[in-house]
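Enquirer: The chain contents come next:
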Amino acid sequence: MKKREVSKISSTYTDFLGRPAKWIVMTLFAIAVIGPLYWLFTSAIKVKADYLASPPVIIPMKVTFENFVSIFKNDGVGKGLYNSIVITAVSTILASSLGSLAAFSLTKGRLRKPIRSILACWFLLQKMYPAIATAIPIYLVMRDLHLIDTKTAMIILNTSFNFPMVIWLMMGFFQEVPEEIEESGKMDGCGMAQRFFYLVLPVVKPGLVASSILTFVGTWNEFLFAVILSVRNAKTLPVIISGFITDRGLEWGPMAATGVTIILPVFIIVWLLQKDFVQGMTMGAVKG
Amino acid sequence: MMGKGRNHAPFKTSEKIGGRGLKQKRKGLLNEEVLTTWLFLLPALLVVIVAVLIPLCNSFILSFQKVRINVPDFEPQFVGFQNYARMLEDPVFKRSVQNTVVFALVSVPIELVLGMVIAMMLSGDGKGARIMRSVMLIPMIMAPVAAGTMWRMMLDKNTGIINYLVSLAGIPAVDWLGNPIMAMVSIIMVDVWRMTPWFALLLISGIKSISGDTIEAALVDGASKWQCFWHVILPQLYRVLVLVLMMRTIDAFKVFDIVFVMTGGGPGMATEMLPNYIYAQGLRYFDAGYAAALALVFIAAMALLSGAFILVRNRRKQDE
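Here the protein sequences line up with chains B and E, keeping their order. Using our numbering, you'd call the opening residue of the first sequence number 25 and step up by one each time. Using our numbering, you'd call the opening residue of the second sequence number 78 and step up by one each time.
Hints are computed from structural coordinates only; laboratory data are not their basis. Please note: incorrect hints may appear among the correct ones.
To be verified - With a straight-line Cα cutoff of 27 Å, these simulated DSSO-like cross-link-like pairs (lysine-lysine) come out:
1) B:K103 with B:K175
2) E:K204 with E:K285
3) B:K46 with B:K72
4) B:K97 with B:K86
5) B:K72 with E:K234
6) E:K285 with B:K299
7) B:K86 with B:K72
8) E:K285 with B:K229
9) B:K72 with B:K103
10) B:K299 with E:K204
11) E:K204 with B:K46
12) B:K229 with B:K299
13) E:K285 with B:K46
14) B:K210 with B:K229
15) B:K86 with E:K234
16) B:K210 with B:K137
17) B:K175 with B:K97
18) B:K137 with B:K151
19) B:K151 with B:K229
20) B:K299 with B:K151
21) E:K234 with E:K204
If you're wondering where the values come from, they're calculated on a predicted model, not measured in any experiment.
When you get a sec, could you build the whole thing from the sequences and use the hints?
Expert: Here it is in structure tokens:
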């Protein structure tokens, strides 16, 4: 009886345009999402005659991995992959750890109210300001510091870009930590740092995972500053794939292989931590 | 009073000592706490100052100067408001503003409506809905550059799969990225492909937080499913809808990656967006002063938009 009611309510959502409409929309949606990805993955393993064929070869009969071999050999994808991994790993660790510290201070620290609101508001604004607006001065500063084309520059920038998101997300999690946990720490004479590391941090672990994964995706995909600040040595994967287009027209096979190399790590990690990712996305949006 | 108190004297003294000790301890803790608070904030503030505040100030100064960043040892000259005045007569600037506004105002509503429909249909707990909910994350998490590249390959006039599918329907080949109007349509299409799932994701969580009671009551009263949606569900989603709409609108104005890889702003100026134009002025033509002025105007516009957003958000919060 109860179950029937629940399914009745849920079908009120899913069938709100009628059952046939639902099947049509869902089929089209599935094709629209999966179709392009199928095309990308198959193009990556097609031989040259196939990816340039007209009419297009929908199901490749000949499968080859030479596109992957060639991009690692000729296009610096190996190095790009290495750069992407280092920059993303370091930025993710820095942004989520330092960001949580700041968020803890902003929610539970001893700050005067106006300072607290100004800082919180600043981070909210920073979340929305367009990154391109500081691109030129950042380029000039990094040039003066001789940091152009280094991973250090990319790490500093990606960390700063992700701070606002981490801080807002973690503030939401810290606010939900029950007062009693902190109070009991205070009773035992724990300082703020001890309370943070031993009492609060274990409770907000899901928040840490969520902000890390969002930082990971954001940094891995970051393109604007990667293209501005890298010349040869610090190129990340997105910069390399953008180079494919401007340099030569019809190398679809290697290009698709590079695309697969970029998206595969993100797929795997988001797939494994899907719940945290979705929670982070929704909390970050609705709270921020 | 004295006599009465005497009985409890031992307790009182001990309490007093304890109290004083605790107070002193508290005070020590207080100082320590203020210190720790700022210590915790320090790294974030430092990075923000270095990577955001200083560049912003630099941008402000640059915008009043004539600077060629490709000429070594070029002495910046103060030119007053010349860079700002130039904008008024710059046809590419006007066109890029217009393009950016068109892009945001067309793509975001499409994404919202499609996202809403999909969110409704995927709110169930069936296996199919669960699988689709994870599959639809893919466009959203893949690098925008990779998505742009992928679509560019599919939209190619001669070898692209899209034109092949179009030809099956008997329509002659479309020059997707070579025709000014179709190029804009293509960019919007790719953005819709990427961001519709984002809307759906956030709206699903909104829909799930609606209590079933209101819907049950409406169903008992004989409302149709559509009426339920229109009169019961939609009004309760209003807050979330406004929020995601504004967030995405602000984000849409920052479009850069997909334009960069799909059309590079072309053909002609057909898909030149403001961020791409700022990039081109600063790092392709090396006119840092003009680029900074453009950037500041862009920031001002975005600040107004964000300000309106925060105002609406706070008012909504107060309403609750």
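Enquirer: What are the numbers of the hints the structure violates, in ascending order?
Expert: Of the numbered hints, 3, 21 do not hold.
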